[in-house]
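Peer 1: Next come the chains, spelled out residue by residue.
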Amino acid sequence: MTEADEHMDFDLEIEPEDEGEEALETDLGDPCLVVDDLHVVYRVIGGRARKEAEKKGSEVREIKVKEPFFKRLLQSGRQHVGAVSEVHAVRGVSFTVRHGESVGIVGVNGSGKSTMLRAIAGLMPPKHGSVHVSGEPSLLGVNAALMPQLSGERNIMIGGLALGLTPKEVDEKFDEVVEFAGIGDFVYLPMKTYSSGMGARLRFAISSAASPDILMIDEALATGDAAFKERSKSRIEDVRANAGTVFLVSHSISTIEAMCTRVLWMHQGQLVMDGPVHEVADAYKKFVRAQRPGGMTPARRRAIQRKRAAEAKAAEAEAKKAEAEQKKAAEARA
Amino acid sequence: MSTPTTDAAAPAKPAASGDAKTPPPPLVPGTTSAERLALAKKYGLRPLNVRPPLGEYIRDLAGRWAFIRVLATSTAYAKNQNNYLGQLWAVLNPILNAAVYVLIFGILLGLNRGVSNSIAFIVIGVFMYRFIESSVTGGAKSISGKTQLLRSLHFPRAVLPMSTVLSLLTTLLPAIVVMCIVTLLSGLLPGYAMIHITWWWLLLPAAVALMWIFNTGLAFIMARYVATTPDVENVLPFVMRVVMYASGVIFPIVGHLDKLHIPEAFKAVVGGILEYQPVAVYLYLVRSVLMQEEQFPPSGLMWALGGVWAVVFFVVGFIVFWRGEERYGRD
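Just so you know, the protein sequences line up as chains A and B, in that order.
For this note's numbering, add 8 to where a residue sits in the first sequence, where the first one is 1.
For this note's numbering, add 23 to where a residue sits in the second sequence, where the first one is 1.
Below are the DSS-like pairs computed for lysine-lysine, each with C-alpha atoms no more than 30 Å apart in a straight line:
| no. | chain 1 | residue 1 | chain 2 | residue 2 |
| --- | --- | --- | --- | --- |
| 1 | A | K135 | B | K64 |
| 2 | B | K102 | A | K181 |
| 3 | A | K135 | B | K169 |
| 4 | A | K200 | B | K102 |
| 5 | A | K294 | B | K44 |
| 6 | A | K321 | A | K237 |
| 7 | A | K135 | B | K164 |
| 8 | A | K200 | A | K181 |
| 9 | A | K200 | B | K164 |
Reference excerpt, derived from the structure (chain B facing chain A, CB under 10 Å, subset only):
| no. | residue |
| --- | --- |
| 10 | K44 |
| 11 | T45 |
| 12 | P52 |
| 13 | S56 |
| 14 | L60 |
| 15 | K64 |
| 16 | K65 |
| 17 | L68 |
| 18 | G86 |
| 19 | V93 |
| 20 | L94 |
| 21 | S97 |
| 22 | T98 |
| 23 | K102 |
| 24 | L172 |
| 25 | D254 |
Calculated directly from the structure, the hints in this document are not laboratory data.
As the structure is a prediction and not an experimental result, all values here were calculated from the model.
Each residue gets a CB set at the ideal place from its N, CA and C atoms; glycine is no exception.
Input sequences plus hints: build the corresponding full structure.
Peer 2: As structure tokens, this is what we get:
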């Protein structure tokens with residue numbers, strides 16, 4: 009077992025409102041994305057992989073420096089001077105995606121999902137291999153760098169222009185973006201005053217305003233309320249209906265089951281499973297549960313979920329009762 | 024009803040419950056690399072992460088002019104937005120700057136630098152040199168400091184250094200107004216030559232435009248090298264300080280050269296380099312336009328050199344930057 013396995017995050021979120029939802033089936037068209045033997049290696053300056061990690065065949069490895077004479081001299085300061093490592097995040101991934109497909113990517117933390125998504129969006133140059141696409145892919149990340157000091161209005165302009173729209177097109181889409189993000193008059197305040205949910209919603213609205221051929225989403229749906237989630241789901245269906253393709257990286261397996269038709273499972277930078285949504289999702293769920301330190305069984309998990317649901321219902325009933333009483337009191341006063 | 028495509032050679036089977044703790048082994052693709060590339064070619068797919076040809080790149084960049092402009096003005100605007108006085112700082116900042124130089128060099132030290140109005144000499148030198156210096160340091164950070172942006176959005180990367188310099192130009196404009204006013208007022212002080220507004224002043228925008236083109240070229244070069252070797256950024260402040268003294272920003276360098284004990288022929292070469300290197304040329308141009316100084320008569324040669332340096336740096340810088348296009352964002 010490698011380091012990545014030990015530090016695995018055991019989240020397997022189930023969003024109750026996604027249960028039972030199914031992704032819309034659309035007719036598949038021609039291939040629109042071909043990934044051929046993709047390797048992504050990035051340089052990390054200021055950190056050196058430890059020897060032990062290297063031995064275990066982990067994906068972080070040190071760049072060999074040929075300096076035998078100075079070696080002893082440098083030994084003491086190696087971590088601090090000239091520390092350059094390489095992280096081999098994606099190791100030989102190949103697949104083909106067709107128009108209208110909705111692809112979910114699952115995997116434990118650090119398995120290379122986000123890096124691969126960036127590489128197939130053309131934002132992380134690969135070390136080896138190639139990516140071929142039709143149209144312009146657009147990645148929607150939670151960290152999309154807009155300017156926090158500026159108003160939402162200004163950021164809509166910057167984001168729209170960055171996506172390749174003209175200023176006139178951005179002006180035309182302005183109202184639609186604000187409405188979709190559901191931020192109202194906050195759009196005229198600096199973005200740093202936004203709650204994280206509002207910021208994420210605005211970014212999603214800006215990024216999908218350009219109606220890209222290939223929409224890539226990196227855990228963006230985790231923020232936002234249920235109403236927004238519903239709207240973004242319909243936006244995703246729009247993209248797919250226009251023969252576009254959607255990629256979705258999410259920690260919520262139920263979101264993936266609700267929105268995707270196909271799932272790629274990545275582990276340590278490699279593709280370990282690729283197939284219809286339920287087949288892969290079931291195998292992945294089984295795998296993650298087996299990793300759980302407490303060995304929580306599905307039955308126990310269901311029991312906890314039932315208990316939570318019952319509690320929520322009770323709370324709701326209480327709230328209703330209180331409301332009714334208030335009304336009654338108000339009427340009595342009147 | 025359609026089923027998703029799978030490239031696996033054999034249909035993937037869920038791991039048996041016994042070894043659920045280990046993930047399935049890596050998939051072996053059902054197609055060879057050549058087949059996949061042929062498929063991509065058949066459906067006319069475009070390879071990503073490939074540096075576009077120079078012509079296409081320039082066209083793409085020209086189409087992003089609005090983006091460059093909005094990014095530049097927004098950055099310049101955002102810089103002052105966190106203060107109570109807000110955008111007033113765009114004017115206050117250069118005024119305070121000029122005040123410090125006038126106080127120290129003009130009044131406290133009272134140095135005569137072989138020019139009849141040393142306050143005007145220093146203020147013009149410092150303001151114009153700051154434009155060059157901040158273009159170099161800003162250009163150096165324009166790629167290396169924006170990794171998140173590079174990894175989130177797709178656009179020609181040359182947008183970033185260009186908008187950095189344009190943003191500096193935006194902040195320079197109020198500074199130039201302050202500079203002109205200080206230059207005029209300095210003539211009223213006793214012991215400093217009067218400065219008059221002449222027709223030559225109309226050429227000031229031309230000189231600033233040439234500097235803008237030159238600075239953009241510099242920013243391109245810095246952006247590329249700092250993106251690959253971040254260490255370069257640590258050396259830049261020292262290089263820029265040497266350039267400052269060598270370009271006659273706060274005192275004329277040419278006079279000092281005569282006092283050095285070096286062979287005459289060597290002196291001529293060094294003198295020529297110091298006089299005709301781009302930074303000195305641009306400072307000369309602005310001074311010759313604004314000041315009526317015997318040392319800086321209007322010179323056709325200097326204007327020609329200013330144009331040549333601007334074009335050379337811009338073209339070379341642009342090509343240097345473009346050659347690294349597919350690598351930005353990886354490190």
